[in-house]
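Using the sequences and the hints given, assemble the complete structure.
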Amino acid sequence: MLMLLQVEQTVSGHPVGIGYASSIAVNLWLIPALPILASGIIALLKQPRRKLSATLAIGSLSFSLLMALFAFAHVVSGWAGGIQTREVVNFTWFQFGNSAVDLGWILDPLSAIMAVMVCFVGLLIFIYTVGYMEHDENFTRFFCFLSLFAGAMLGVVIANSILLLFMSWELVGLTSYLLIGFWYHKPSAAAAAKKAFVTTRVGDIFFLLGIVWLFAQTGTLLFYNHGSGSLETSALQVLLSQHAALGLTAAGAIGLLIFAGAAGKSGQFPLHVWLPDAMEGPTPVSALIHAATMVAAGVYLIARVYPLMSAGMPLTESGAAAGTTTALVVVTWVGAATAVFAALIAIAQNDIKRILAYSTVSQLGYMMAGLGLGGVAVGMFHLITHAFFKALLFLGAGSVIHGCHEEQDIRRMGGLKSHMRVTFLTYAVGMLALCGFPIVFSGFWSKDAILEAAHNSAFIKGPYYLLVFGAVLTAFYMTRQVCYVFFGQSRGHGHAHESPRVMTAPLVILASFAVALGAIGTPAWPWFHAFLEGQPASGGMHLLFEADFLKLLATSSVIVFLGLGLGWWLYGNKSPKADEPDAFEKAAPAIWAGLRDRLYVDELYGVTAIAFYYWWARLADWLDRRMWGGIVAAVAWVFKMFAQLNRLLDLHWVDGTFDKACEELSTGGGIVSRLQNGRAQTYLRILAFGVILLAAILIWSARP
Amino acid sequence: MVASSAVSNLDQIFIILRDWVTHFFPTAWRPAIGVLLSVVAIVCVFPGLFALTTIFERKGLGRIQNRIGPNRVGPFGLFQPIADGIKSLTKEDIIPTSANGVVHFLAPVILVVAVFMGFAVLPMGRNMVLVDMDAGLLFFFAMGASTELSVFMAGWSSRNKYSLLGAMRAVAQMISYEIVLLLSSVAVVMIAGSLRPEKIVDAQNQYSYGLPHWYIFTPWGLAAFVMYAIAATAETNRSPFDLPEGESELVAGYHTEYSGFKFALFFLGEYLAMFSISGLGTTLFLGGWSAPLEALSFVPSWIWFFGKVMMSIFVFIWMRGTLPRLRQDQLMNFAWKFVLPFTLLDLLVTAMWRFMGEGWLRWVVSTVILAGTYVLMGRAGMYRKHFAPRTYRYAE
Amino acid sequence: MGSPLIGYLVVAALLFSIGLAGALVRRNAIMVLIGIELMLNAANLNFIAFWRYSPHPEALTGMMFAIFSIAVAAAEAAVGLGLVIAIYRHAQTTDLDKMNRMKG
Amino acid sequence: MGIMFYLIAALTLAGALAAMTLKHLVHAALAVTAAFAGLALFFLNLDAQFAGFAQILIYIGAVAILIVFAILLTRGAELPKEGVFSRTWFVGMAIAAGIFAVLGWAIIASARALPSETVAPAVTVHDIGVAIVGRYVLPLEIVALLLTAATIGAVIVALHEKERAK
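Chains as they are written, first to last, in my numbering: chain A, 1 to 704; chain B, 1001 to 1396; chain C, 2001 to 2104; chain D, 3001 to 3166.
Please keep in mind that the hints were generated in silico from the structure rather than gathered at the bench.
Idealized CB from N, CA, C, for every residue including glycine.
Keep in mind that a hint or two might mislead.
[Said to hold, decoys possible] Not everything, but these chain C residues come out facing chain D in the computed CB check (under 7 angstroms):
id: 1; residue: S2017
id: 2; residue: V2025
id: 3; residue: L2040
id: 4; residue: I2048
id: 5; residue: P2057
id: 6; residue: A2066
id: 7; residue: A2075
Below you can see the structure in the form of structure tokens.
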């Protein structure tokens, strides 16, 4: 067991007399280990053991949630006492030469809050899955994958070693491949799974390069390790003093490589193409991937290595940022561009889950921009709130699909408002939270924080306008979707029905969180930011009435209402026919076509990267057939000639000799076989007699 | 001899007595005389206890079955064992004509000797262990294993099919449950880190908040104790595992053909085995001679030991009066498909406990694993029972 | 006889020879197995005796060998007797002189 | 070499001789048990407590029981008509005697080189435990594997044939 190995621990920040990792930190590994163990057990179960497999998966994750809550409570109590908890447990996996490959896990505010979020949302999705996959014959397999997925993601969350993080990261990639392709008999699902796997692999190559470079420069794989970890001051100094190409420092270059990996996983432009296709998986998978886990992994990774990304940032006397770094600028621009780009495409999609997928890509752009502009707290706050309301939207969409007999096209829905009351109300909550409807919803506060950071940024101005534009688009396409799905007349086939209680209950819980979570990040009580940064929460109601804030409030309200109004004006209560062209399409057909075809990114890849590989493959094929094939044929001919010669020799010379020898042998064997009388004791006697002889020889020869 | 202020003279009275007697002898003889005295004490005390237990059992069973029990000999029938003893001694010693005389004679002797040997390593009080052996536990189990052979000898030498069947059943059952007995003790050995009974008791003789650190008060210890208790019941052929002597099928099992004093020896051996196995259980799980509350430490340690042993004996009697007898295939299935796997799991949990370090977490984890598996295995067993056909493979 | 070891060695040699003789002359397969067990035990006795009188008994080599040998012997007995029972079921005999179907 | 040694040696050798010569298989099994017990006493006499107890536990508690079970299951308790010794018993005896001669020769030849009386080694169970899971952990694992394989093998070999055919 791992615990036997060397265990180290620190509490950094304030030097308080805690010299040991608390029992919760020491046993933190159980959080990912339990779901993985559960998945292992489920993998061994037979198909009909549905109840048991669901119980195992849900039970193990509940236990993880319980532990995560304890860990969170531990960190919060430390924080309330003025200590910034950072407890790490490290051990050496193996050694080669003078280098050691270290693994370990960490308990700090970031990992604690993320673990709680992942466990909680994951658990709700697990429960929802029981209802959603009720009729699927591969129910147990699904829970096996889900459990493994949750465990791997929790591994990413608690990792204190970039290698452990990478291993869990790849495990996440593998399970997402398995889950997206869960209905592998559908060719589209199989293709989508392959696409997701290959596209994220592109980012992972860069990530791996970054890891290797980081290891080569700092000699450690650990993030934090009593000041010798790669994210701690001494290592960062080393990284800053090294210069890479293009005027970048090693820190910046490694940061960019790691960001490439994060971009692949989080679906940032230009590696976003796999994410919408991943909608081929069952809906709980979409929710799990898009809300709680996989895409959040990229953002979480950037938050985790934020010290590296921001290394070398000039600071003012008071410690505030007085500049930015190249890596963060790239993160910001990519994030902002992705936010607008994906929001534009989302406008012209008709698949309910595809719209949400593009919306996710767009929101991830917001998170990245938030990280780049405002630091860890801003990005992570949006990550957490988004996790809840996006999970809500996906599960709501799943409920709608379930209720409409597996129909996914929003043009064939409509009027569901009265048939599916719970789903409609919760979905509306999620939609308003996503749009950032002022004051009431959590999405407003988290998105507001990003816009505020963008607005206040003294160094880069462009992203602010992009992000504002993106916010308008967000409100617009969400209004369009809700109008199509819930308002107007029913255009579907068959009678829509409300989903079972096991599916609606998670919706209600998530909806309440989508509203309530905003309370921990308002300027009046910025608890979340203070908690992540390890400072006491300062604020007060008066901050809500300051001019600056009111101005921003007004701006974002205008943005949101603009988007909502535009959407309602175009789509509200129109109830178009299923095959009638879209209102937007009527207004601007050329733009619509472009947006509908996802701005031709897939096609671009088709004629560039994929065509390139295709050409290489053709070349290799030709070489195989003509060149290597010819050589092989020539060699084969030579050997054939030898064989002919051999045969002649065999027939006339060898065989005769051999036959004669065989006759002799057979005669001899007849004589010897009499010894083989089949009695065990005779053999034993011969053996014993041999022993006597050998021993006698031995003793005789050893005479002095 | 240790006589610190905390340990009263009453507690050490037997040690003091022994030392007083030995000091009449030359120095060179003293250790031998001391051991001899202790052996004499054990050989006297436990048969006395046996006599008491028989009357206790018959009275208790009577009470459970709503009748009076023996009440003719002496006040409340208390002298019944004496009468029984005299009867056994004076009855004719019958040896069947076709029986194998030597083996027939040796069987009860070997049984009683082997069982008596087991007492040598049990600490019956503070400083009260006959031989403080480094591998004491192993010695105990080695002696326990030797009794199986004597049972076989008794059954085989009688030349009686009931005896032989009873012996075969008894041996199969004892072997099956001996594994469990050993493995559940291994859990304790893993935590205490020693095979020496003295040290195991010492490890449990600590208190926090006035409560003892007995192993039965831990999740793995409780599980191991329950398994140990089941195995001990089977090992001593007590109800509900008393098939080898099931009188409705086998007359009296392997000692059907014994009478008189040899029969009394078997009877004695059986009860002594009960005492020794209860004593070991007490040592392993119930803190041996340590007091159940720190405040009660002033009571002499040997009182606690014998009190705990007698409590276990009472539970044995209670079970005999309450539970019906199992069938042979049920008995074997229970041993190999439930008790043994669960004991192995308990070993695993114990190892986890050992390496998880202090804290509340290991309590939660081991409780969850053990309770969960118990429920799952129980359910699975019931599930099978409904569908699987009944088999008699082990009963052939 | 200078060394106390000699007595043990002689006993072990006698035991081994008795076991071997039994294994070679008894007809019954079970008796052959018993003979083999005796031979193994004789070897164990040698191991323990040599360990006891070795210059470095704390290295525990002979003792360990004996302990492992006891464990292996238990496995050997279980498999061997299982085989005898299986053969008995098949051929209704445990007489080795009659078991010569494998002769050449 | 005291009186104890001669007593134990007499017990062991008598048990072994009886086991190999007695006609009745059950008697032989009981005699070999006596030999096993004598060996255990030898081990104790040689200060190898652990090995001695293990010998009792395994040989008397398990192997002897196994042997009598096998005897009863194969109806070995009935005396065979042809006699218990092989037709060519003199060959076996001769070879056994030869082995003893060679061993005796080896002992006599090396008698002078043998070590003299040494102090009893102070080896505790703890030392043995540490050695087993330390230096000898690989043999331990191999023995564990072997025992598992042997258990499964014994069960399969002894299963009823008709059940296997099923």
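Right, here's what the structure says about each hint:
1. S2017: Result: holds, 4 angstroms to nearest chain D Cβ.
2. V2025: holds, 4 angstroms
3. L2040: Interface hint status for L2040 of chain C: violated (10 angstroms vs cutoff 7 angstroms).
4. I2048: holds, 5 angstroms
5. P2057: Where the cut-off is 7 angstroms and the nearest Cβ of chain D is about 3 angstroms from P2057 of chain C, the hint holds.
6. A2066: holds, 5 angstroms
7. A2075: holds, 4 angstroms
Of the numbered hints given earlier, the model fails hint 3 alone.
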